[in-house]
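Chemist: Just so you know, the sequences run in chain order V and W. FYI, the numbering for the first sequence is 1 to 293, going by the working numbering. FYI, the numbering for the second sequence is 1 to 221, going by the working numbering.
If you're looking for bench data, these hints aren't it; they were derived computationally from the structure. Any given hint might turn out to be false.
[What the hints assert, rightly or not] The list that follows gives simulated cross-link-like pairs (lysine to any residue, SDA-like), each with its CA atoms no further than 25 Å apart:
{"hint": "1", "chain 1": "V", "residue 1": "K43", "chain 2": "W", "residue 2": "Y144"}
{"hint": "2", "chain 1": "V", "residue 1": "K5", "chain 2": "W", "residue 2": "V123"}
{"hint": "3", "chain 1": "V", "residue 1": "K19", "chain 2": "W", "residue 2": "N2"}
{"hint": "4", "chain 1": "V", "residue 1": "K43", "chain 2": "W", "residue 2": "A218"}
[Stated by the list, open to error] Computed Cβ-Cβ distance ranges for the label pairs, DEER-style:
{"hint": "5", "chain 1": "W", "residue 1": "N135", "chain 2": "V", "residue 2": "T279", "range": "44 to 50 Å"}
{"hint": "6", "chain 1": "V", "residue 1": "E273", "chain 2": "W", "residue 2": "P208", "range": "51 to 57 Å"}
{"hint": "7", "chain 1": "V", "residue 1": "G243", "chain 2": "W", "residue 2": "G67", "range": "52 to 58 Å"}
{"hint": "8", "chain 1": "W", "residue 1": "I201", "chain 2": "V", "residue 2": "Y135", "range": "48 to 54 Å"}
[Claimed, not checked] Here chain V is said to cover these stretches of chain W; the calculated rule only asks that three of the stretch's residues, wherever they fall, bring their Cβ under 8 Å from a Cβ of chain V:
{"hint": "9", "region": "55–68"}
{"hint": "10", "region": "112–126"}
{"hint": "11", "region": "131–143"}
Every value quoted in this text rests on a predicted model; they were computed, and no experiment measured them. Every residue gets a Cβ at the ideal spot worked out from N, C-alpha and C, and that includes glycine.
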Amino acid sequence: MLTYKSVKEIADAAVKEQKNISDIVIAEQAVRLNRSVEELYEKMAYNFKIMKESVEEGLSSSQKSISGLSGGDAVKLKRHLESGFSIGGSFFNKMLQKAIAVSENNARMGRIVAAPTAGSCGIIPAVLITIFEEYSIPEEKVVMSLFTSAAIGMVIANRASISGAEGGCQAECGSASAMAASAAVELMGGTPIMVSNACAIALKSVLGLVCDPVGGLVEIPCIKRNAAGSANALAAAEMALAGIESIIPADEVIDAMGSIGNLMPRVLKETAEGGLAATPTARKLFKNKCCGW
Amino acid sequence: MNVFDIIGPVMVGPSSSHTAGAVRIAAVTRKLLGEDVKHAVIKLHGSFASTYKGHGTDRAIIGGLLGYKLDNPAIRESLKHAGDVGLEYSFEPADLGDVHPNTVLIEATGVSGKKIKVMGCSVGGGRIIIKRIDNFQVEFTGEYFTLVIEHMDKPGVIGAVTSVLGQNLINIAEMRDYRSYRGGSAVMIIETDQEICKSLIEQIRNLPDVYSVVGIEALEI
Chain V
1 MLTYKSVKEI
11 ADAAVKEQKN
21 ISDIVIAEQA
31 VRLNRSVEEL
41 YEKMAYNFKI
51 MKESVEEGLS
61 SSQKSISGLS
71 GGDAVKLKRH
81 LESGFSIGGS
91 FFNKMLQKAI
101 AVSENNARMG
111 RIVAAPTAGS
121 CGIIPAVLIT
131 IFEEYSIPEE
141 KVVMSLFTSA
151 AIGMVIANRA
161 SISGAEGGCQ
171 AECGSASAMA
181 ASAAVELMGG
191 TPIMVSNACA
201 IALKSVLGLV
211 CDPVGGLVEI
221 PCIKRNAAGS
231 ANALAAAEMA
241 LAGIESIIPA
251 DEVIDAMGSI
261 GNLMPRVLKE
271 TAEGGLAATP
281 TARKLFKNKC
291 CGW
Chain W
1 MNVFDIIGPV
11 MVGPSSSHTA
21 GAVRIAAVTR
31 KLLGEDVKHA
41 VIKLHGSFAS
51 TYKGHGTDRA
61 IIGGLLGYKL
71 DNPAIRESLK
81 HAGDVGLEYS
91 FEPADLGDVH
101 PNTVLIEATG
111 VSGKKIKVMG
121 CSVGGGRIII
131 KRIDNFQVEF
141 TGEYFTLVIE
151 HMDKPGVIGA
161 VTSVLGQNLI
171 NIAEMRDYRS
181 YRGGSAVMII
191 ETDQEICKSL
201 IEQIRNLPDV
211 YSVVGIEALE
221 I
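Pulled out of the complex, with its shape left as it was, chain V reads as follows:
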């Protein structure tokens, strides 16, 4: 049985069995949950279907959220790509579109898959669906890669936290970014060791990121941080696939994230009392409108 307390444990087990991380994780979870591998695959395939639907829903609407603070930016990115002036090109722009689309859909109470949370729900779909579409990868492989991202998420939840209230944004968007990078590496044929490097590199780059949502709502800056989280995941995956290693192992990076979360002041952990939430503009917004929230 895997304990999900160490990325090294999982990567070593996969190397030993000469399998992908996703294969050993789905087999272990089937035993633990007393379900067949096929049942678990179908459940994950359903979650992937909902991810794709949430992208489509998000891209087909410019409707504002209940608060009126967000909505319409995914469509702007799409138009920008169509204008021919995209800096990052098709892959990069489409990935950002998806991250924003899913997050905007979440903010307007659309249906999403928490991955690992609702606040960070855009990152994994953005990275994986863009790879799926742009490189014509079989859907089955993408669904399987979600088991790898889940396993990384479980280790992070066990060793540190995946909650903004406990660990800041590094624990939510940071974890999602590490999970997305790990899955992307497996999807592109990387080894389990490369997967753990991608996890480490992605998480290292967002250490210290605080959770400071304006008005306490999952909108500012959460939606744009989902886009940034997907870009960070892509950068980490690219480095890991190139054979670049993280000198600090993934497990130690996760521990560092956990300890930084513990050291982080309460006002910067989802209380909407510090950081961006305490800026003059944020205060003004909520002074004028907060009675409605």
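Since the structure of chain V is provided, determine the placement of chain W on it from the hints.
Modeler: Positioned in the frame of chain V, the structure of chain W alone reads:
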């Protein structure tokens, strides 16, 4: 924790703790009441109280009381649906004491006049803990099939219930009993590895000194 706690649940946004968890607490309340809700007073504590409108916590709770699952897009319009079916409700900020920041107390009245008070907290990622049923301090998460049994505090009742479960090859994962006072009424919370069918619940309800039995399905994996 399993893979679907991390990639999942499928839910209506915007917040796993303020929306999905809120639906689940309300759904447990409806289940414990055992009938359609006619009236509800919803007391919101801490972060729930300060951000409930922007997070749709109000729509989530009413959706849960109406029996919607957490991925049902109808949650968005639940306040309107409540009006259509005659569910009256009010939301009040409240200080519920030294509890988790995302805690709610729901005082629900059913169509037959039956009343129940349930307090629950949403602890992150959509996971919940039910902390109070009426005046009983309890603790369960809904991750397992859960039996909530009201009974008289008397020797042999717990044994009779667990014997029925054992005879039917139901394995108990965890159980606790909470009593009001010695010889008074008590609540038994039993979390099981298997689902328990209606006929077995009926069999437990017919045991001597058992007042009521509710079975709550485990949260979907």
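Chemist: Any of the earlier hints contradicted here, and which numbers?
Modeler: The structure breaks only hint 11.
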